[in-house]
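*Asks:* Chains as they are written, first to last, in our numbering: chain A, 1 to 235; chain B, 1 to 235.
In short, the hints are calculated from the structure, not lab data. Hints are supplied without guarantee of correctness; some may be wrong.
Not the full set, but computed from the structure, chain B residues with beta-carbon under 7 angstroms of chain A [said to hold, decoys possible]:
| no. | residue |
| --- | --- |
| 1 | LEU7 |
| 2 | GLN19 |
| 3 | ASP24 |
| 4 | CYS93 |
| 5 | ALA97 |
| 6 | ILE112 |
| 7 | VAL114 |
| 8 | VAL118 |
| 9 | LEU124 |
| 10 | GLY141 |
| 11 | ILE145 |
| 12 | ILE207 |
| 13 | THR209 |
Treat the numbers as computed from the prediction; the structure is a model and nothing was measured. For every residue, glycine included, the Cβ atom is placed at its ideal position computed from N, Cα and C.
There are 2 protein chains.
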Amino acid sequence: MKGKLYLIPTTLGDTSINQVIPQDIQELIPTIKHFIVENIRTARRYLKKVNSAIDIDELRFYELNKHSSPNEISGYLNAIKDFDIGIISEAGCPGVADPGADVVKLAHEKNIQVVPLVGPSSILMSLMASGFNGQNFAFNGYLPIKSNERAKKIKQLDSRSLSENQTQIFIEAPYRNNKLVEDLIANCSGGTKLCIAVDITMESEFIKTLPVKAWKGMDIDLHKKPAIFLMHREK
Amino acid sequence: MKGKLYLIPTTLGDTSINQVIPQDIQELIPTIKHFIVENIRTARRYLKKVNSAIDIDELRFYELNKHSSPNEISGYLNAIKDFDIGIISEAGCPGVADPGADVVKLAHEKNIQVVPLVGPSSILMSLMASGFNGQNFAFNGYLPIKSNERAKKIKQLDSRSLSENQTQIFIEAPYRNNKLVEDLIANCSGGTKLCIAVDITMESEFIKTLPVKAWKGMDIDLHKKPAIFLMHREK
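Next comes chain A alone, as it looks inside the complex (with noise of 0.2 angstroms):
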């Protein structure tokens, strides 16, 4: 086995590379000819955002989507027999929270070196900055979209986050952040409190730690922005 996995960072949003992805990744990149990528036009333009020099032409793109077959995905990985192989998800990290973990496991259960790179996470950043527990912290994902299902999910992690000390994590399509916000207000007991971090790592970016209750009256549209929620109810 000659190469490598190298799971590749992105930027998350508008911002320079200087300012989330290291130097020697940056010159890690153009080394690799073998990409799997969540989508090609994307990764192409990041590519040239991170070297303008990559002839972009010389290299082999393999696509990986919620259609692409384990079969399919364990043929992607036949070039790491002569190659480094680089995946590239749509924003930030790969295998957190995209389809780049399906291509991971298969890649242990065939003995390839795995290697994470750094870059920005916005579960992780927003963890950071939230002031929240980070001893102990779960990442939930999308909450239910029906109304009843999802009001008993925010109640049950509510009170999870005060019975084990655990801090909630979780996003929303963006277009739904605003109806987010009125559910958590509208569930969440009032001392817990809630951290919104929208646009992290842009110019526009905006990390906020309140009680519910002092969201209620807050003027602030999340509508169509990238933004992650985070829980707390202390003791």
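Given chain A's structure and the hints, the job is docking chain B onto it.
*Replies:* Coordinates of chain B only, in the frame set by chain A:
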């Protein structure tokens, strides 16, 4: 309020700064003169490594550890009226599994802007490289030390991993790593997968996912090495 509170990541062990800290952050650090740190000596050494031109003698350090009272911490933040303040922890990202979170919590109460910066996190990097579910995961910190409590906790995390499809992440004091692996093998279901990630970002980096039963015969020595453990039990 003139200043911001920057959360400044450090290297995980003896790696080059360019491998894990983006250029813009390396340029931001020398502009900050006030630092809240876990250990003044290692913070000084880190700052010199980031930029040897930094004049350490003109910097102001405030020590933060488990003995720091909320009153002291609140005092540390007074400088923010006039200056930016940086938080530096012993390894990795401040606010996650270290005392930095207490400072951030107070900062939000005082309406101070908190800015998380990109750097290496063993929790996030091991999750990326594990191949486990990154849509739903929990970091549990340290497991109990007492044998019966620890066995109970491992079994509880193993079954929660299955019932909630949630990746379970935890750490151990490095001199007890080998004992933890024994305890995991003894208490997990044979089909549960265990990822062991050691020396992340270092030359000697080792990250491997195998079923618990396959780890049993492996000859690995994790004694006193920085390691992180992840498990996932699939349906």
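*Asks:* Please go over all the hints and tell whether each is borne out by the structure.
*Replies:* Okay, the hints, checked on the actual structure:
1. LEU7: Nearest chain A Cβ about 5 angstroms off; hint holds.
2. GLN19: Because about 4 angstroms separates GLN19/B from the closest Cβ in chain A, which is inside the 7 angstroms limit, the hint holds.
3. ASP24: This interface hint holds because 4 angstroms falls under the 7 angstroms limit.
4. CYS93: 5 angstroms, holds
5. ALA97: 5 angstroms, holds
6. ILE112: Status violated, d = 10 angstroms.
7. VAL114: Holds: closest Cβ of chain A sits about 5 angstroms from VAL114/B, inside 7 angstroms.
8. VAL118: At about 5 angstroms, which falls below the 7 angstroms cut-off, the nearest Cβ of chain A leaves the hint on VAL118/B intact, so it holds.
9. LEU124: At 5 angstroms from the nearest chain A Cβ, LEU124/B passes the 7 angstroms test, so the hint holds.
10. GLY141: 4 angstroms, holds
11. ILE145: At about 15 angstroms, which exceeds the 7 angstroms cut-off, the nearest Cβ of chain A leaves the hint on ILE145/B violated.
12. ILE207: 6 angstroms, holds
13. THR209: Since the shortest Cβ distance to chain A is 4 angstroms, the answer is holds.
Of the numbered hints given earlier, the model fails hints 6, 11; all others are met.
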